[in-house]
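Please put together the full structure from these sequences, using the hints given.
Residue 862 in my numbering sits at position 199 of the sequence shown, with consecutive numbering throughout.
Keep in mind the hints are simulated off the structure, nothing from the lab. Warning: the hint list may mix true and false statements.
Here are the simulated DSS-like pairs of lysine-lysine, each with C-alpha atoms no more than 30 Å apart in a straight line [said to hold, decoys possible]:
no., residue 1, residue 2
1, LYS881, LYS870
2, LYS815, LYS870
3, LYS930, LYS711
4, LYS867, LYS777
For each label pair, taking beta carbons as the anchor points, the in silico distance ranges come out as [said to hold, decoys possible]:
no., residue 1, residue 2, range
5, GLY723, LYS881, 57 to 63 Å
6, SER681, ASP877, 51 to 57 Å
7, VAL684, PHE708, 43 to 49 Å
C-beta atoms are modelled at their ideal positions from N, C-alpha and C, and glycine is treated no differently.
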Amino acid sequence: MQHEKNHFILRVSCPATSGIVAAVTSYLAGNSCYIGEMAQFDDEFSGKFFMRAVFRFNDGHAGDIAQLKAGFEVVASDFAMQWELHDTRDPMRVLLMVSKFDHCLTDLLYRYHKGEMDMTITAIVSNHLDLRPMAEREGIRFIYLPVNRDNKAQQEAELMNIIEDTGTELVVLARYMQVLSDDLCKKLAGRAINIHHSFLPGFKGAKPYHQAFDRGVKLIGATAHYVTSDLDEGPIIEQEVQRVDHAYKPDDLVTIGRDTETVALSKAVKFHLQHRVFLNHDKTVIFR
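Spelled out as structure tokens, the structure:
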């Protein structure tokens, strides 16, 4: 759907009740719209209903999206909907954050250039200078924000200024190795994605893959999730795993770990860019 003329994505969430689908589809049809894709989910545990519809105006009909939005307010009010309407011709504005590891950034930039990531990169922010040459080769603005115990609050305030000044809609922590403050996590709720290694059991601190080797793990994994104040425990968007055995050395596990991290993060970012992810309390609903 990327950049196709006259295509829009409608996202709806509301208390589950009868008549929602009929009301939405009837409204769109009554306004000369053709629905090309639609997905829905009724969560019986939370009592919430979720829907994503992709539509366009019928051929020969110019369509007035502002008028369509205004009219839909009545439908939304009847069902206490939270809703968004997105034009697929408007790429999401994304800020990437990195430290020293380059594999996730490299993968995202590759997919971006291949047309897999429909986004506008507003900047690359880092607390180290290691990846500055990569950003400069790409012609992307690089912003150096070194962080320590004394300046963390100041640098996070500067980061929020950058996000607001650039109109950034999504922040991707592509192996950014700094813990964000609770205050910043709240400000970025639902619009910041992080990637981290995930094992069973979990390994924290330095060299997690070496710890995994010492414990003889059988699965290497990675989790992409929304950032929250609960470290690495935000709503999960995507997870990847790969089976390993006793023959894998620590460096082999590191290599596999990089692969799982890049795949999980790229999928999560793509889902978000395509407006497929809905927050459902501490979980997500994703229409693939």
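Each hint tested on the structure:
1. LYS881 / LYS870: Distance of about 17 Å is within 30 Å: holds.
2. LYS815 / LYS870: 24 Å, holds
3. LYS930 / LYS711: 25 Å, holds
4. LYS867 / LYS777: It is violated: about 35 Å lies between the C-alpha atoms, which goes past 30 Å.
5. GLY723 / LYS881: 57 to 63 Å: This hint holds: roughly 59 Å between Cβ atoms.
6. SER681 / ASP877: 51 to 57 Å: Holds: the Cβ-Cβ distance is about 56 Å, inside 51 to 57 Å.
7. VAL684 / PHE708: 43 to 49 Å: 20 Å, violated
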